[in-house]
Amino acid sequence: MEFASNITIAALFQQILVGLSRTTILFIVASGLSLVLGVLRIPNVAHGSLYMIGAFLAYTIATLFGGGSSGFWIALFLAPIGVAIISFIIERGLFCHLYEREHLMLLLFTFAFTLVFGDLVKLVWGSDYRSLAAPVFLQGSFSIFDLPFPRYNLFLLIIGPMVAFGLWFLTNKTKIGKIARAAAVDREMVGAVGINVSWVFAAVFVIGCFLAGLGGALVAPTQNITQGMDHSIIIEAFLIVIIGGLGNIWGALLGALIFGLTDSIGILVWPQFAIVFPYIAVVTVLILCPKGLLKSTW
Amino acid sequence: MKKLSLIVFCFAVGLAVLLTGAEAGAAKTIKVGIVDCYSGPASTYTNDVRDAFKLAVDDINAKGGVLGRKIEFVTRDSKFKVDIGLSAAKELVMREKVDILMGTINSSLALAISNLAKKEKIPFLVTFSKSAKITGAKGHRYVFSITENSALAGKAGAAGLAKKPYKKYWIAGDDYEYGHAIADGVWNNLKKMKPEVKLLGQSWWKVGEPDFTPYITAILAAKPDAVIVATGGRDCVPFLKAAKATGFNERVPFYMHTATELSTLKPLGLNAPEGVIGTSNYFFYYPKTKENQVFVKQFRAAYNRYPAVGAVYGFMAADFIKKAYEKAGKINTEKFIDALEGMTVDTPVGKVTMRAYDHQAMLPMFMGTTKKAEGYDFLIATDIVTIPGKDVMPSVAEIKKARGK
Amino acid sequence: MPDKKMNWKYIGTGLAIFIILIFLPQFLPRFYIYLSALILITGLLATSLNLVLGFGGMYQFHHAVFYGIGAYAFALTLTKTSLSPWIALLAAPAIAGLLGLIMGFICVRLSKLYFGMLQLSLGSLVWALVFRWYSFTGGDDGIHGISLPDIISSTTGSYYFTLIVTAVCLVLMYLIVNSPFGRTFQGIRDNPERTEAVGVNVRLHQLIGLMIAGAFAGIAGSLFVAVEGSVFPDLLFWTFSLELIIMCLLGGWFTFFGPMLGGAIIVMLRTFVGIYTEYWTLILGIVLMMLILFLPEGVLGYLKEKFKMHDKTVAI
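Residue numbers (this note's numbering), protein chains in the order written: chain A, 1067 to 1364; chain B, 10 to 414; chain C, 362 to 677.
Keep in mind the hints are simulated off the structure, nothing from the lab. Note that the coordinates shown come from a computational prediction; the quantities given were computed from them, not determined experimentally. Glycine included, C-beta positions come from ideal geometry on N, C-alpha and C. One or more of the hints may lead you astray.
[Said to hold, decoys possible] Okay, the calculated beta carbon distance ranges per label pair:
1. G1206(A) with E335(B): 54 to 60 Å
2. G1132(A) with E300(B): 54 to 60 Å
3. E300(B) with M1228(A): 33 to 39 Å
4. G1206(A) with V303(B): 38 to 44 Å
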């Protein structure tokens, strides 16, 4: 049990930056989950599988287009769309018939999808590691106070707030966003006013899953693209959503920040037990604010 | 009524499956049961074992088999879960009635099956699991290891590092038994060979850690001379990726067991970091002996890919099985074991002997550094140093001590 | 009032099944005896889950933790102390029940999804502890070759031991479910506000329910050690917890023996499908989907409906 004796201001600042870039992926994935959970009230365990499919699709698309920088950007654009299409098919085909069921059933149904997708990915892509390279100008790292900060992480730091802003705009300033928020609180009322709630739900679900695919495509250059990605992200995403408040985008951001930062600072401060910091943070938040830090939609 | 008939139908099908599962009484064969993980990232390694084994077995069978019998093998997927794997092993022993068990990359499962093998008195050939306990503290008559383990790798790694000028070390790795075992193996041996080395600190991340950047920056902040990276199969590739992205390999030299292996370097292509020191049991391009070249050619022809280290284990398994039964003269477990002890076979890495005392194959280790090379779209190892098997094996006295004798 | 005549019919059937199970080893090959023991353990575990899931309406997302801790408690007591194995057996339900109390105390203040997620979180923490604490728990290597008394270490011996313990536990759980406590518990599931209004301490009841469920899960864990002779952290992994929920659903979670049936089906499917294909997970997923779409009351639940076995007590 030893505390690292090399905590300088520089190192701390660096770790915070790293933690923030990690927050981006967590936020993008968690916000998608939060949207679906908040508006449709579906605890979508398969969200992690869609994230994984996003990563695999990104790999395939990038390789199809030559694997270089252009391949990456095309993949970044097309992979989330691919995931959105898949989610649209699932939603129209299966989920929309189950909205009246209780949450546990919905959760188990999405868990069934996790199982199915897990093996389908294995069938389609095989079980080898896949690796995707970031575009050349995003490879390598800057030196901040003599410590490396990967360029790709900077890219993530920029993308994160862009997505957050885009989502805020979508939910608060567009008509569909306002309808969705209303439907989250009272779907019957919205239906009574003459709006086709079913299509609203479909749209929200597709957007939520698009975000999962986007998260997967973004994370692809930084890690192994492999089975098991779905399991590791889904628990973290759910915890973030719960501590942030269901359906609350800013809550997802806050939760992701807490998660990402406690993790990276923990690594600097107490490397051997860094793993427990995010969980302790989560447990503390839930004990103090059982419904999450920010307002949830239900 | 429709639902009820559906349920009855399902039960009927299930019963039919159960009953047809009973053995088809064909001609007598030597049955081998392989339990391994064929799902997820581990399968990159395990597929090679199975494929090479199949190739070798097909060859043996074509030439008449062993003592007039063909070798037949079945596989079971443990999905990296110990309870599924153990159940499958029991099913292989009690239902399929295999003569020999083989497997597995998961160390906990290997130990569990080893225990089963001891109880059921069935020989168990361990492929890929790197726990030193298998032939060390928990070794016994019925378990054999035809793969390297953390004790061997540790000694090899230390031997190589002792020759380098580094004094201040940092240890980092996967926080599970293997990670700590390999780190301890390297460090303890290094300290013995070069007492002036100092350990500045350690970092341990969870297996399957998605982002190594915070760990890398924390290590760099400590400014060690070199780092010992103790990652297991799953995290080697992602860590090397992160190392390249942060320029870690250019700032601080680091050693990682299996960093020079094909399975690790191939997925990264030309984006793998150079200058990483690694140890490995096999390269398809070194040594360029006739044995190795023939082996590589056959494997490539059959499977359209270069063989990685797992292929050698699979090949060796088939060879050991064949020669041990032939030496024993009959299909008898006890005689098979007696024959296998001390047996030497020719392999693509040279002659390998199965040490009689602890049932550990004395595999040579190769230490090298990663580097780009002409003609390959992945990195290979250069400056390769061969450390013969007998130099990396723990002494018989050490094994005795571990087993509490 | 419960129909006493109907109850005797069920008790008779139960006894008949029990007698068949006793004589099973006489005519089954060894592997199937082992498999039967495994089915009994899994069924017992699923039934203990259903105490709080189906009968309590609680989102018990990480029941496997109590199973695993029970198994480890038994294994560690056996290997690290010189206590007699029969005393060591008591450690399993004791420690698992205690964990149920502690985790329950933290989680019970929340309900539904939040309860489940917090339990999942805490349970994952326990798993991480067991996984990394090599000096005490053997870490991810697990503990193997645990020595058990000769009567229960053979395949047949462990089967009979499992059968007896499972039967006793089932009887106990059955009595609990049909007791006033059990009925209040189901009342809480159906309408928590009403029950609270009548003066029932909902949280206390749920806490006790969790302890009991945890203790029985712990017993199942100790049986696992008796049959397999090993423990490993996989026993506490969250995907196993979800599989247990699937078993309850498959069998019928408003019935008593549903989970037992569900467990039997899943274990058999997993074993035999695994022989023919690597894609067992795919099949499990499809089975689950079919279940939710077409048979949400589970196999036994459906049969109960079909043959109009409605009664006030939980007969089966």
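Now for the hints, and whether the structure bears them out:
no., hint, result
1, G1206(A) with E335(B): 54 to 60 Å, "holds (57 Å)"
2, G1132(A) with E300(B): 54 to 60 Å, "violated (39 Å)"
3, E300(B) with M1228(A): 33 to 39 Å, "violated (57 Å)"
4, G1206(A) with V303(B): 38 to 44 Å, "holds (42 Å)"
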